[in-house]
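**Q** Listed below, chain by chain, are the residues.
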Amino acid sequence: MAADIAADFAIEMIGITKRFGPLTANRDVSFAVRKGEIHALVGENGAGKTTLMNVLFGMHLPDSGQIKVNGAQVEITSPQVAIGLGLGMVHQHFKLVPSLTVAENIFLGMEIVRGGLIDSASQVAAVRALSASSGLAVDPTRVVRDLSVGSEQRVEILKVLARGARIVILDEPTAVLTPQEGRDLFRTLRGFTDQGMTVILISHHLDEVLEVSDTVTVLRDGAVIGTEPAKGLTEARLAQMMVGRPVDFGRKRRDGTAGAPVLTLTRIHARDDRGLPALMDVSLTVHAGEIVAIAGVDGNGQTELAEVVAGLRGPSYGRMNLNGRDIAGAPADIVRGAGLAHVPADRLVRGVDVQASIMSNILMGRQDSSAFSKGGMIRWGRVRAEAAALIKRFDIRTQGPDASVKSLSGGNMQKVVLAREFSQGKQFLLIDQPTRGVDIGATEGIHDEIMRRRAEGVAILLISVQLDECMKLADRLLVMFQGCLVAELDPKTVTVNEIGLHMMGASHNRKASA
Amino acid sequence: MEILTQVFTISLIAAILRTTAPILLVALGGAFTTKAGIFNIGLEGQMLMGAFFGVLGSMWTGSALGGLVFGVTASVLMAVIFSVFVVTLRANEVVVGLALNIMAGGLTISLTKAIFGVRGSIVNPAIVGMPRIHVPLIHDIRPLGQILSGYTPLVYTAFALVFLVWVILFRTRLGLYIRVTGEKPEAAQSLGIRTARMQHIASLICGVLAGAAGVHLSLGYIVMFAENMSSGRGFMAVAVLIFSGGDPVKVLLGCLLFGFADAASLRLQTMGVSSYLVLMVPFVVSVSALFLLSWRQRPKIIRETLQHLTAPVVAKGQGS
Ligand SMILES: Nc1ncnc2c1ncn2[C@@H]1O[C@H](COP(=O)(O)OP(=O)(O)OP(=O)(O)O)[C@@H](O)[C@H]1O
Ligand SMILES: [Mg+2]
Chain A
23 MAADIAADFA IEMIGITKRF GPLTANRDVS FAVRKGEIHA LVGENGAGKT TLMNVLFGMH
83 LPDSGQIKVN GAQVEITSPQ VAIGLGLGMV HQHFKLVPSL TVAENIFLGM EIVRGGLIDS
143 ASQVAAVRAL SASSGLAVDP TRVVRDLSVG SEQRVEILKV LARGARIVIL DEPTAVLTPQ
203 EGRDLFRTLR GFTDQGMTVI LISHHLDEVL EVSDTVTVLR DGAVIGTEPA KGLTEARLAQ
263 MMVGRPVDFG RKRRDGTAGA PVLTLTRIHA RDDRGLPALM DVSLTVHAGE IVAIAGVDGN
323 GQTELAEVVA GLRGPSYGRM NLNGRDIAGA PADIVRGAGL AHVPADRLVR GVDVQASIMS
383 NILMGRQDSS AFSKGGMIRW GRVRAEAAAL IKRFDIRTQG PDASVKSLSG GNMQKVVLAR
443 EFSQGKQFLL IDQPTRGVDI GATEGIHDEI MRRRAEGVAI LLISVQLDEC MKLADRLLVM
503 FQGCLVAELD PKTVTVNEIG LHMMGASHNR KASA
Chain B
9 MEILTQVFTI SLIAAILRTT APILLVALGG AFTTKAGIFN IGLEGQMLMG AFFGVLGSMW
69 TGSALGGLVF GVTASVLMAV IFSVFVVTLR ANEVVVGLAL NIMAGGLTIS LTKAIFGVRG
129 SIVNPAIVGM PRIHVPLIHD IRPLGQILSG YTPLVYTAFA LVFLVWVILF RTRLGLYIRV
189 TGEKPEAAQS LGIRTARMQH IASLICGVLA GAAGVHLSLG YIVMFAENMS SGRGFMAVAV
249 LIFSGGDPVK VLLGCLLFGF ADAASLRLQT MGVSSYLVLM VPFVVSVSAL FLLSWRQRPK
309 IIRETLQHLT APVVAKGQGS
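Chains as they are written, first to last, in our numbering: chain A, 23 to 536; chain B, 9 to 328.
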């Protein structure tokens, strides 16, 4: 009996252990995926999901354990071996070359060459055919630099398909997608399994995990807690398996009323990098002890709004006032001096220096304050103590203050940024996508921290593409569409559907044609 | 009078093409390392070695081709040392490049002394210079022949290479891999492209072209070797590479600018302007060009007035 069940498995990982120095990222993990199913892998930040998949894909060698692909024992020593076995992986952080076209990216490493030259016409045609048969719409001649995140991801998936993958691994594919794009992706994945392919999916969004997958495996602290059919599981039960305790999903309780205005934007206009209008006539006020959330489909001016408020982009028109100081067009250090703390949307670009230690990252921006420096010398003892305290308070899973940020899992990197920005005692917090790639337990912790800042009277501007997050935290909800604020809604009474309509510009068009 | 100005400009054009050739050769070599993500400041030293060993090879073999082979081999050796340190051992590229430049300067001086017992320069009737090519038919047509005919082979090679390098970089697999290595090495590696190998190859190609550029200096129009003969052309190439990003067409334009400055400074010298001032000309040109370029590329700050803002909003409302 064991034999014919084994024949049904696409992947079997048996007793896998992987250590990084003193840290055990995977502890005797056994993980089996049946052919033709969508198998979800869930767990907290740092639970070892990415590590396990990296072992499967030949990027790390396990310290012990065996791997079988389609029933045959294999030795996966490099990604090339994995690709040869029909595996394909879409990484958490994309690996595309911005200056190349879609077709060039897809065929990179396996170009069609004729007469010594790359035959780009054939490559474009091949991508068109692949795109049609897989239902992943892309324009093969576009340069990747100009694509949205959703299209970039489709390119990554096509890259995997073009290499003949029958087993596709996706590491947090929806962390950067809008709800609509996410739904399209799942439809595509279902199409794959209908054709007999197998999908492994890592995600922190438990609702979509339950909706799309057939089987769920939960990892905690590097070990398997359980593998169960998705049918019959609930979000609450899954969350409890992951975290080891019940998790609260409801809207946050709030008390206290909003105070005086802290941040005021008056008729702000701004241009994007190409000089085109990105923000039009944006006016808003954030009061002390209030959370104002900006919802909207990614790319409707949220990036520029955050940059203008943080002093990283000058507005082309309008006034901006923070704590009574005029900050329109002022550089970031002046704005920070006026009371801004900022959690940027892309942690790898503006949030952390991945090469540096956690300690140095915690210090950044405060190196001149008397708490951490004296006579031009940095007081590393104090910095270390502060970092250690924050690691504890924000539950950052790491070996200590000296570990480099590079060695952290994606979600734990995000916590380093949050720890630094939340611990500065500023009166205004600009938070852009605070829980991107963060697990459910940690998300709850971050939301609690945000609510605590609110209770302390901090004014908070929250920008998030996740509607549930906006609705759970906000006192007031603003919807952004094509650079304009098109609606102000009450998160207590509004429905997801209604917000979605505003996000697609329904109210805007009505206003324009009136 | 009219004829005089015409001859003057035509001979200046010919002089510009001649002086552009060595900078163009070395800069096209540098285009490969630039695209592969290596900041190659060692071009100057590679060129100098090419010039010196070009002279030696020419004397020993009695042919200009022998000189070219020797010069290029010496420069390629420098390139190998460079890439072993920078790519394999991951040493800092600026430090290694500078060290090799200094070494090339010292080595050529000591070898001149050791082999010829002189200081300063090697002038010897046994050195065979490059032949001039007389393009048939065109050579005797007056203005055209003067501009297009009568150069050494390396001048023609340099300009032909602009197109060839463009094809290699943008149309072949090797060029694609070199570009990806410079732009996104982790993407290249994840697809099984060996980025270290690509960087070694780029550095080797660069060594070949830098050596040829050096040989052009010592066997092209002046047949001799002089101390520090490259006189900053390798650094001019680095400047060109910085603002061209290694794109062959932009490299050509930048090099023509320096070729012009070089030719103009020669002309000024014959007109009796102090040679110290004249020697500054190419560098003044390079600094000004860099300044103008970055000035043009500075972010434009847009300020809008209320009138600007209300107009398009009204238009939009009527449009939909
Ligand atoms: N190259 C590495 N060197 C040292 N430690 C590492 C390395 N890669 C991962 N780790 C550690 O191994 C543990 C597991 O990390 P992993 O990236 O697998 O987590 P994850 O489950 O994918 O988390 P997330 O949801 O945050 O992405 C973490 O504690 C992480 O810090
Ligand atoms: Mg991960």
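If you're looking for bench data, these hints aren't it; they were derived computationally from the structure. Remember, it's a predicted structure, so these values are computed and weren't measured experimentally. A few of these clues could be false.
To be verified - Which chain A residues stay away from chain B? Per the calculated CB distances, all over 12 Å, these:
1. Asp30
2. Met111
3. His113
4. Lys117
5. Glu133
6. Ile140
7. Ala148
8. Ser173
9. Arg185
10. Ile247
11. Gly336
As the list claims (entries may be wrong) - Result set (EDC-like, lysine to aspartate or glutamate): computed pairs, CA atoms no more than 16 Å apart in a straight line:
12. A:Lys428 / B:Glu101
13. A:Lys117 / B:Glu101
14. A:Lys90 / A:Glu34
Just so it is clear, CB atoms sit at the ideal spot from N, CA and C, and this is done for glycine as well.
**Q** Each of the hints needs a verdict: does it hold here or not?
**A** Taking the hints in turn, this is what the structure says about them:
no. : hint                : in the structure
1   : Asp30               : holds, 30 Å
2   : Met111              : violated, 9 Å
3   : His113              : violated, 8 Å
4   : Lys117              : violated, 4 Å
5   : Glu133              : violated, 5 Å
6   : Ile140              : violated, 6 Å
7   : Ala148              : holds, 16 Å
8   : Ser173              : holds, 17 Å
9   : Arg185              : violated, 9 Å
10  : Ile247              : holds, 30 Å
11  : Gly336              : violated, 6 Å
12  : A:Lys428 / B:Glu101 : violated, 24 Å
13  : A:Lys117 / B:Glu101 : violated, 26 Å
14  : A:Lys90 / A:Glu34   : holds, 5 Å
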